[in-house]
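For the record, the sequence lines run as chains A and B.
For the first sequence, position 99 matches number 99 in this note's numbering, and the numbering has no gaps at all.
Count along the second sequence from 1, then add 1000; that gives the number in this note's numbering.
Incorrect hints may have been included.
[Said to hold, decoys possible] Below 27 Å or equal to it, Euclidean Cα-Cα: the simulated BS3-like pairs (lysine-lysine) are: (1) B/Lys1121 / B/Lys1142; (2) B/Lys1022 / B/Lys1121; (3) B/Lys1080 / B/Lys1121; (4) B/Lys1080 / A/Lys49; (5) B/Lys1142 / A/Lys91; (6) A/Lys49 / A/Lys91.
[Said to hold, decoys possible] Over 10 Å on every C-beta distance to chain B, these chain A residues come out as not near it, computed from the model: (7) Asn47; (8) Ala60; (9) Glu61; (10) Glu99; (11) Met100; (12) Ala105.
Bear in mind the hints are in silico, worked out from the structure with no lab data behind them.
Heads up, the beta-carbon is just placed ideally off N, CA and C, and yes, glycines get one too.
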Amino acid sequence: MRIRPQRAHGVRLGAGCILRVSGMVPRTRIRGDEFPPKVPGMNLVVNGKPHSHGGGGTLAELFEECRANPAQVAVMINGEVVRRAQWDSVKLVEGDQVEMLVFAAGG
Amino acid sequence: MQGDFRLGDRTFTSRLFLGTGKFSSTDTMLRAVRASGAELVTVALRRFHEGRAEDDVYGPLSSLPGITIVPNTSGAMNAKEAVRAAMLGRELSGSPFVKLEIHPNPHHLLPDPIETYEAAKILSREGFFVLPYMPADPVLAKRLEDAGCAAVMPLGAAIGSGQGLTTAGMVEIMIRDACVPVIVDAGLRSPSEAAAVMEMGGDAVLVNSAIAAADNPELMAEAFAAAVAAGRKAWQAGLMPRSEVAVATSPLTAFLGD
């Protein structure tokens, strides 16, 4: 996840930072053109499962792919709650772990 | 008649709050909520699954007029997780009410007082109206009050156990000392136990299993609503003093004897 502008300045890079670095590794190898062909889509982990994201990394695109109703989900990326007001400035990156939560019956 | 009840930034007429778990269907749950007259219901959070729209409770609940939906932090094992869950819940409910529950042991589901206190401090500072599920401990209640909680919610017995108001003595002390509403949550089985809480001056009760697991949840919801109202009236009316000996209600004039 990159939330502009905070992340652009390199502030508050937590667990997400490590994930992004590991996400860079295959790309470096591709440039060395030995390994492997670039996979289509961005590899995310959504609700604990691998998810190939075909869009440009916006939450709106991800909701559409997952057929989630944006009005009824809360979002956490790499362990950080992303408030609704910040959604538009989120740019997902390779390896991001996204949680989408909804209300359920409970006591 | 029951007297309005202020909690956070809202005013409630009904002093019966409902949990929405364990009902056989969403429809049954909704009918019970309606029958109970509850204006505050609790819900949990879970991961979104595509194609499980039938599990959606938010849509149907929010269509009921005058209902405040309060997310809980169930599943949180510590303060950090609870704070995170509360923030996610606020994103969904759009309101700062949260039922704070941290019960790391699935066998008894008893609340962790230390983690609960830590989370309550953080969340209150963040502007949440924190309703902490807690052990019936009068000292902890004052600490949670000082931490900024909007109410305290002592357990009657373990969640879903139906063992009743096993903590009556402690709850009574909490009610006497509290500067915030005292809401008994968990463990109740019968409406008479809810009435007992209200008779001793409790501000509200939160019931889930006793209604959801009844043969007829809708009817049981009505029974709890009536019991809560009756208990509240009894408290307002003021119970008579206890006496060690009998105090005659009829004149004992000896006209029947010689």
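Going through the hints against the structure:
1. B/Lys1121 / B/Lys1142: holds (13 Å)
2. B/Lys1022 / B/Lys1121: Cα-Cα ~30 Å, so violated.
3. B/Lys1080 / B/Lys1121: Satisfied, since the Cα-Cα distance of roughly 12 Å is no more than 27 Å.
4. B/Lys1080 / A/Lys49: holds (23 Å)
5. B/Lys1142 / A/Lys91: Violated, at about 45 Å.
6. A/Lys49 / A/Lys91: holds (19 Å)
7. Asn47: violated (4 Å)
8. Ala60: holds (15 Å)
9. Glu61: holds (15 Å)
10. Glu99: violated (7 Å)
11. Met100: Violated: least Cβ distance 4 Å, not greater than 10 Å.
12. Ala105: violated (4 Å)
Hint check: violations occur at hints 2, 5, 7, 10, 11 and 12; the rest are consistent with the structure.
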